[in-house]
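Undergrad: Number 80 in UniProt numbering belongs to position 80 of the sequence shown; there are no gaps in the numbering.
Some clues are possibly wrong.
[To be verified] Simulated restraints, written as ranges between beta carbons of each label pair:
id, residue 1, residue 2, range
1, L139, A42, 37 to 45 Å
2, L19, A138, 20 to 28 Å
3, T122, L19, 16 to 24 Å
The hints are simulated quantities; they were obtained by calculation from the structure and are not laboratory data.
Using N, Cα and C, we set each Cβ at its ideal position, and we do this for glycine too.
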Amino acid sequence: MAVMIRNEVFSCFVFYGVLLVIKMYVVAIITGQVRLRKKAFANPEDALRHGGLQFHREDPFVERCRRAHINDMENILPFLFLGAIYSMIGPSLSVARFHFLVFFLGRMLHTAAYLLALRAPTRSLAYTVAQIPCVSMALQILMAVAAYA
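Use the sequences and the hints to build the structure in full.
TA: If you want it as structure tokens, here you go:
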């Protein structure tokens with residue numbers, strides 16, 4: 001059974017939102033693979049399964065991957081909330097698509113900068129660029145609902 005989303009802005013939001021969630025899953029998989037490759041396990045039972053308690057340890061690159069994943073959760077989850085509400089206030093499709101695309105590209109660059117340890121300030125700039133559409137959406141939402149408050 002096909003489900004049709006009649007709100008074009010919401011449909012566009014869903015497209016980018018799902019891509020971002022998939023990206024988060026990919027980063028989680030990368031983190032797990034790096035743990036296996038580096039033999040650096042967060043839990044003693046995992047270390048025992050893979051060679052012994054000496055592998056219950058931290059590794060700098062595993063921690064880098066973990067921080068990238070945590071940063072995604074800190075930023076993508078609020079975007080998912082803001083984007084869903086923003087889609088309901090009736091923005092133009094082209095402006096909304098631009099907001100969603102800028103956030104998506106900013107987060108992709110941020111993750112690449114984190115995982116590949118790109119030179120500063122690449123990661124900070126990517127973070128800032130991705131925050132601009134979130135601030136814009138939040139302000140537009142507040143202005144749209146201010147009349148009802």
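Undergrad: Take the hints in turn and mark each one as holding or not.
TA: Tested hints:
The hinted window of 37 to 45 Å between L139 and A42 holds, with their beta carbons roughly 39 Å apart. In this structure the supplied range 20 to 28 Å holds for L19 paired with A138, their Cβ-Cβ distance being about 21 Å. Judged by the Cβ atoms, the range 16 to 24 Å given for T122 and L19 holds: they are separated by roughly 21 Å.
Violated hints are absent here; each numbered hint is respected by the structure.
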